[in-house]
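Asks: Full structure from sequences and hints, please.
Going by the UniProt record's numbering, the letters in the sequence shown line up with residues 1 to 326, in that order.
Because the hints were derived from the structure by calculation, they are not lab data.
Computed from a predicted structure; not experimentally measured.
One thing to keep in mind: the hints can contain errors.
[Said to hold, decoys possible] So the derived label-pair ranges between C-beta atoms look like this:
#	residue 1	residue 2	range
1	Asp311	Phe100	24 to 30 Å
2	Val98	Thr265	31 to 37 Å
3	Arg281	Asp102	40 to 46 Å
4	Ala325	Arg181	20 to 26 Å
5	Gly162	Ser39	42 to 48 Å
Even for Gly, the Cβ is constructed at its ideal location relative to N, Cα and C.
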Amino acid sequence: MESITKNRQPVEALRAMVARAYGPEEVPDAGEDWVSELSDGWFNVAYRIRLRSGTQAVLKIAPPPDVEVMTYERGAMATELAALRLIREHTKVPVPEVDFADQSHEVCDADYFFMTYIDADNLHAIRDAVAGTEINAYDEALGAITRELNTIPGTAFGPLAGPGESTWRAAFLRMVEELLRDGERRGVDLPHGYDVIREVVAAHADSLDEVTEPRFVEWDLWPGNCMVGDGRIVAIIDHERAFYGDPLMEFGFAGSESSAYGDATAFIRGYGHRPFTTAERTRRRLYNLHLALIQIIETNFRAHTGTEQYDWACERLQETVALLAE
Numbered sequence: 001m002e003s004i005t006k007n008r009q010p011v012e013a014l015r016a017m018v019a020r021a022y023g024p025e026e027v028p029d030a031g032e033d034w035v036s037e038l039s040d041g042w043f044n045v046a047y048r049i050r051l052r053s054g055t056q057a058v059l060k061i062a063p064p065p066d067v068e069v070m071t072y073e074r075g076a077m078a079t080e081l082a083a084l085r086l087i088r089e090h091t092k093v094p095v096p097e098v099d100f101a102d103q104s105h106e107v108c109d110a111d112y113f114f115m116t117y118i119d120a121d122n123l124h125a126i127r128d129a130v131a132g133t134e135i136n137a138y139d140e141a142l143g144a145i146t147r148e149l150n151t152i153p154g155t156a157f158g159p160l161a162g163p164g165e166s167t168w169r170a171a172f173l174r175m176v177e178e179l180l181r182d183g184e185r186r187g188v189d190l191p192h193g194y195d196v197i198r199e200v201v202a203a204h205a206d207s208l209d210e211v212t213e214p215r216f217v218e219w220d221l222w223p224g225n226c227m228v229g230d231g232r233i234v235a236i237i238d239h240e241r242a243f244y245g246d247p248l249m250e251f252g253f254a255g256s257e258s259s260a261y262g263d264a265t266a267f268i269r270g271y272g273h274r275p276f277t278t279a280e281r282t283r284r285r286l287y288n289l290h291l292a293l294i295q296i297i298e299t300n301f302r303a304h305t306g307t308e309q310y311d312w313a314c315e316r317l318q319e320t321v322a323l324l325a326e
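Replies: Here it is, written out as structure tokens:
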């Protein structure tokens, strides 16, 4: 996926980063075919690196400092590193090992880190070629993994590194308001007026008060961030959007209120969630509204040249506003 947030670096800078992380003895010889870009990501640039010893690693680099990102994306790489540490400390969910992280900006103009390379298939990439029963098994496993991630407790609602809020209502309303201000600042057109969206969210905010315990929410755990092999999930990747909040905000539940996000049945079965209450369905609709806002507004920040995502997400926003009006 192409985006102006991808901070591609010249080969000599990549060699300097490898030397800093693994030592000069692991820097590949000049001219060797040792680096390739992994093109599936939507935000950070990522490279597959083959070290001189033959070991493979992945290098992720944060966006360039002169490229404006959305408010909630600021410090995303630090969030990912914190998320990986929490997941390893509190769960058995498989994630890559961080080999080295550098925030000095001495050999690169942005934060970067190296992690282990996962030799497996991307579930989103192979989904159409896999039998339905196998997809259901993967979705069930993804539900179980998500539930395990949600057991990690927080002390406040909001970003992993803070500042946090004492209530989920305050944290979620802040998340929505940050998005709306980003869109207004960039002049992004919404199918409903910005103040209309604010009114819709405020009218249903009481449903958020049921959530009283901050829990780790991976949020971006869709099939594209799930690596599989030999019929099982072998790693979860891309953790830069994690926060402490309501587990019902996890992406796997999105299809429960909109079939456009896929069938959530197997995921919910694997998660072990009982049938949703009226308040939970309202919250899930609010979370789909939040997701649609991100998908619309980020097309401007990432300078998309096509309108496919924008048009699709506008449909999702209109759909969700109508559901909330029922």
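Asks: For each hint, tell me whether it holds in the structure or not.
Replies: Quick rundown of the hints versus the structure:
{"no.": "1", "hint": "Asp311 <-> Phe100: 24 to 30 Å", "result": "41 Å, violated"}
{"no.": "2", "hint": "Val98 <-> Thr265: 31 to 37 Å", "result": "35 Å, holds"}
{"no.": "3", "hint": "Arg281 <-> Asp102: 40 to 46 Å", "result": "45 Å, holds"}
{"no.": "4", "hint": "Ala325 <-> Arg181: 20 to 26 Å", "result": "24 Å, holds"}
{"no.": "5", "hint": "Gly162 <-> Ser39: 42 to 48 Å", "result": "34 Å, violated"}
This entry does not satisfy hints 1, 5, going by the numbered hints stated previously.
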